[in-house]
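Given the sequences, and given the hints that come with them, work out the whole structure.
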Amino acid sequence: MFTKPIHIKLFFLAVLIAALLLPLFISDAYMFQVVIMSILFAIATCAMNLIIGFTGQASLAHGAFFGIGAYGVAILTKAGVSFWLALPAAAVMAVLIGLPVGLISLRTRGHYFAIVTLCFGVIMWIVAGNWIELTGGENGIFGIAPPGDILVPLIGRIDFSSQAAQYYLALAFLLLTLWALYRIVYSVFGLTFMAVRNNEALADAVGINTFTTKLISFEAANFIAALAGGLYAIVIGAVSPSAAGYGLTFNFLIYLILGGIATLSGSVIGAFAIPILMESLQFLQDYQLLIFGALLVVVIIYFPMGFVGGLRRLNQIIADRRRRKKSEAVHVSG
Amino acid sequence: MKHLILPMRMAVIGIFAWAALSTNALAKDVVIGFTGPLSGPGAGYGRDVLNGIKMAADDINKGGGITVKGKKYTVKVEGLDDRIDPTIAVNNARRLSSRSKARVIFNPVFNTIAPLMQINQQKTSQFLLMAYSSTPKIEQIPNDLTVSIPPPFTAYVNAFCDMAWKKGWRKGAMMVTLGAYGDEWREAFKHHWEEIGGEILADKPANYYTETDFSAQLSAVIATHPEFLLIGGPSEPTGLVIEQAHNLGFNGGFVLVDQAKMDYIADVVFKGDLSKMGNVIGVAPIVGLPSPVIPEWNKRYEKEYGVHDTFEALLNYSATMIVVHAMEKAGTIDNPQAIKAAFAKVLPQDPTKVPTPFIGTLGPKLLITTTAGEIIDGKYTKVNQYVWWTKDEAAYMELLKSIPASDNVVTSWLPLKGYLQ
Amino acid sequence: MELFLQQVFNGIMFGSTYAIVALGLTLVMGILNIPNFAHGHLYMLGGYVTYFFFATLGLGFWLSLLASMIILGMVGVVMERVVFRPLTGQPPINDFIAAIGSLVFLEAFALAVWGPQGLRITNPYPETFQFLGITMTVQRVLVIVAAAALIVGLHFFMKKTVLGATIEAVAQNREGAMLTGINVNRVSAITFAISTATAALAASFLSPIFMLSPSMGAILGMKAFIIVILGGLGSIPGAILGGYILGLIEALGGGYVSAAYKNVFAFGALILILSIKPTGLFGKKEA
Amino acid sequence: MFLAKSLTKLFDGLAAVQDVSFEIKQGEILAIIGPNGAGKSTLFNMMTGTFKPTSGLVFMDGHNITGLKPYRIVTKGMARTFQTTSLFDQLRVIDNLMIGYKWRTGLGFWNTLLHTPKWKAYQTEAFLRAMEILEFLGLTDKSEFFIPALSQEEQKRLAIGIAMMGKPRMLLLDEPTGGLIQEETDRITRLIQRIRDQGTTVCIIEHKMQMIMGLADRIVVLNYGKKIAEGSPEEIKSNQAVIEAYLGGEVHA
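Taken in sequence, the protein lines are chains A, B, C and D. Reading the first sequence from the start, the letters are residues 1 to 334 in the working numbering. Reading the second sequence from the start, the letters are residues 1001 to 1421 in the working numbering. Reading the third sequence from the start, the letters are residues 2001 to 2287 in the working numbering. Reading the fourth sequence from the start, the letters are residues 3001 to 3253 in the working numbering.
Just so you know, not all the hints are guaranteed correct.
Computed cross-link-like contacts, DSSO-like style, restricted to lysine-lysine with a CA-CA straight-line distance of at most 30 Å [unchecked claim]:
#1 C:Lys2277 with D:Lys3069
#2 D:Lys3142 with A:Lys9
#3 D:Lys3052 with C:Lys2277
#4 B:Lys1276 with B:Lys1166
#5 A:Lys9 with D:Lys3120
#6 B:Lys1076 with B:Lys1391
#7 A:Lys78 with B:Lys1417
#8 B:Lys1391 with B:Lys1353
Hints were generated in silico from the structure; no laboratory data involved.
Now the structure itself:
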């Protein structure tokens, strides 16, 4: 009932192999960096997709939870905790902090929910900039060491200060995220998220506890966002309030919408395409943001469902037409 | 799900097309990189820094460029905007070092300096990081390829305290900008001021970057009846604070943190009317600096860039000069270690050629005197110049010879803990 | 006591600005259902346009103010037509993205035209006077008076004019209004124009006191959003009350407790109020 | 099986429903009728937990379910549809149905993430139930369609199907044939009869008198928020108060 045709599976396999082999073709530290960061942003955007895209609750505190992951890993590793412990711990921390936030903000709906979560996000951002003892204030926490070398059978020693190792680490988490989201989204349980987004009253009437559903989605998104943030901390090596800011939330939102909301591949495509677009607009210098702002408006007008959504819509129109023709043919013969 | 093939394919094509667009610097150029805020808050500051670097490159190129191992090179400056976002800053630095082969990169904000110090020693993309930030935190991170340009702000703290004390001020109140820099400043100032016997009556920081009306905090600090206010952040809002304090009936003096420049405020905010500023202690006005080339430099700078000159532009101008001359002396344009090692050979700089000459190096720090100035009754007074790194009088007297002097400048020794050699 | 009064005065002045800016936003958000996150940036643009007429062309303060309101009104019409009207029928989150695109554009535009350095127009009324032991400047009093005048004016406009009644009708029932022959598109354009013109008005009054910079609209825009939600979406009295509440919270919190956490008070108050009343102070029951 | 005891709902002090009591018996079709604004929907919403009654009690199988949230009431064996056809219009027909079965299963977060054996069993169970309902509705060939591609009538059927998914013992239908033409109405009527024949009790709100008279076993009539009559279709037809409330002729319209 939720299985994909074989050629799609083969295509994803090909993409996976390409992704695994990519480091062989990138010799350039710059492109490597952009790709690694895009993977991290893709993870966070996928998480945002869960709560905004699939569950329909515009959580604008997402950047703050990314920040909790980043600060969590930074603080714990600085205190001597191994990265491999610090990362899940930071993510659990995000879930714990997310609980009161969710309990309060999920009482509101629509624009109200967006603004309440934005407020929570801004508050956490301000706290990050001012709780000097814990977060280092505006300077943040710097000199965060990458995870220690680990010994892997067959491959040998992995040194995480190299870009290739960071790439595979990030890729592994992206695949893990996509795997988890795939399982959730293409299931009856995932349908309840979409049911809440689509028609909350009806979902309620058919026995779905909408509040709990939203809370689970919110918390799962926070958990994953924090994982992405934790990875960010070791890739960048320094964490300052901008890693927890609302600017980050807006970036994720742009990736999400332009890539294609409520589609798994859309988040990934958005998180790759937009930063790469921004990088390639660097030559415009002072006019970079001018052009980007205008582009954003034009794209949202002409591709309201984003890139993947647009293609999907096209596909659907064609399929519907074909189906209609077929049923007409049946009527004629019958 | 066929529809997914197209986007994926296009994304892959996109990545490779973009990769193919790599632009290598021309063979005869030596690229100096810059990443910093050129838009958003801090844009003015970032542009001042970049302008200084650009002007140095122009001056070098006008003189025929540099000669390294017999080959002639033109200095090319590539400046990228990072909006103080660490992600973009790292991308920019990678881009500058991988694509443009820049081996020297300037950055003016600690939040982006720290992540750059994480990557500048990686074998695949080494570069010399020219960090323009006065926080001592830079020296806490071990890094052989970082140079910090400005004097530590604590040198200013000591200098300003010294001047304020001599004026007879005892009771102060603080309303400094929020943020890392402001936090460090007010803490250091409070500590030092109380150490020498002064008193701080109130401490109400304000956000100079996002707020523009300071009356709430100002009323609170003024209500404690201080003799002077320690204020400052970026220059323009600092000017506003002075004006608003006067409007609220404050008649005391002001001490400005080193980010705020009194001449800039006087010229830009008060349109040159010094009398509107009251009594002010702060970083010396540029016109008061001892170097003979200052007036000419000033004029050229303002003509070229259409903005008031600042210390940021001056010090980065001088630092860029050090870098390119060190390249000549080291005989390499792409070995950052060798370039840094050659700094010693081009220092001290000649005050008749460079407006703000550096004297030497101390660990990762370039050494330059701190200069403090004052406005009394609508006029600039003489400039105080402080040597802060010599550990004894004798070393100071020895150093005096290489320090620029003029009739308008009083030089003295103000040892700064942690930096004495 | 004097200190307290001074803070209250400052709070009222802040609040006046917030009220005007939020008023414009609540019109657009409540009536057109457009979460115009770029509202703060329109305010910023209004300030720069006033600067252009006042400082660059040398017009007087009041003329510049008028010119700025007219130009921003036109900007509002254009923005509604070009950016938001094509998005009709799309999910609100798309309006939000378009608004982010617009604000990025506006900020980059101001940066390109006027540069990053702060600009300010000379204060036309810099005189200070003492009242109840607190110091005031005429310009600041003017801000408060202008805000009050605008609020009263807008109230009469909405209640006593045909156009105002039409706008209200559209706000209450868009489809219904369309059926009675109201040209909804025209009403949308006019509402947007009023919204942006009031932002320009606020910016004009404040530009002698505050520095203009391309990024100044961001935090104000966010606060306006918060006030609109605080007061209840589309509620004019809510926006006004919310504006003054926020101004006072900030002034008192910033003056007495901690400036660093000043915005935490403001945003925290919103969370508190919404956790008690999920649709804001004057919100309709089910939004 | 179901009992409403002096239900009252006040909106801003005005009574939308006042002191209404009635009973629904196992296996019958009970219709609630009344002119527009009589309080039918408000009554319905109180029965299903959407509104909390200002006063009065609701019982299901002798259990007090007053004030329970709608999603809890469903688990007591009562399902409902909405007046304006309410579907998950962004999803496919089959998805719409499967959502309706979720509460009966243990398809939670962890089961789904880990694909436990339980998950597999439940997922199959839900799918089979959906296929069963599709066949019952006569929509088997449209299971992959998105909602907008369905006809008005098909949508109405699907809405009933979603409510049926969770195997309710009592079904509450809010104007199931609103906006349909006679032919379609007849088909829906037959569907409702088949539902009842399967043993499900039905409570229905309807405007169409003719249809109700033929379908219902008993009728409750509301006017101005009060119950003015209760009885078999024949009794209602001849009830003076009802005729007056409908201004005479309309009952037969």
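Worksheet item: Is the straight-line distance between the alpha-carbon of Lys9 (chain A) and that of Lys3120 (chain D) 30 Å or less?
Response: 21 Å, holds
Item to complete: Could you grab the alpha-carbon distance between Lys1076 (chain B) and Lys1391 (chain B) and see if it respects the 30 Å cut-off?
Response: 39 Å, violated
Worksheet entry | Hint consistency between Lys2277 (chain C) and Lys3069 (chain D) [alpha-carbon to alpha-carbon, up to 30 Å] | Holds, at about 20 Å.
Worksheet item: Does Lys1353 (chain B) lie within 30 Å of Lys1391 (chain B) when you go C-alpha to C-alpha?
Response: The given pair, whose Cα atoms are some 28 Å apart, holds under the 30 Å limit.
Fill in: Lys1276 (chain B) paired with Lys1166 (chain B) [C-alpha distance capped at 30 Å]
Holds: Lys1276 (chain B) and Lys1166 (chain B) sit about 23 Å apart, inside 30 Å.
Worksheet item: Is the Cα-Cα distance between Lys78 (chain A) and Lys1417 (chain B) 30 Å or less?
Response: 27 Å, holds
Worksheet item: Can the restraint linking Lys3052 (chain D) and Lys2277 (chain C) be considered satisfied, given a maximum Cα separation of 30 Å?
Response: 18 Å, holds
Practice prompt. Decide if the proposed pair is consistent with the structure: Lys3142 (chain D) and Lys9 (chain A), CA atoms, cutoff 30 Å inclusive.
Written response: Distance of about 25 Å is within 30 Å: holds.
In the structure shown, a violation is registered for the earlier hint numbered 6 alone.
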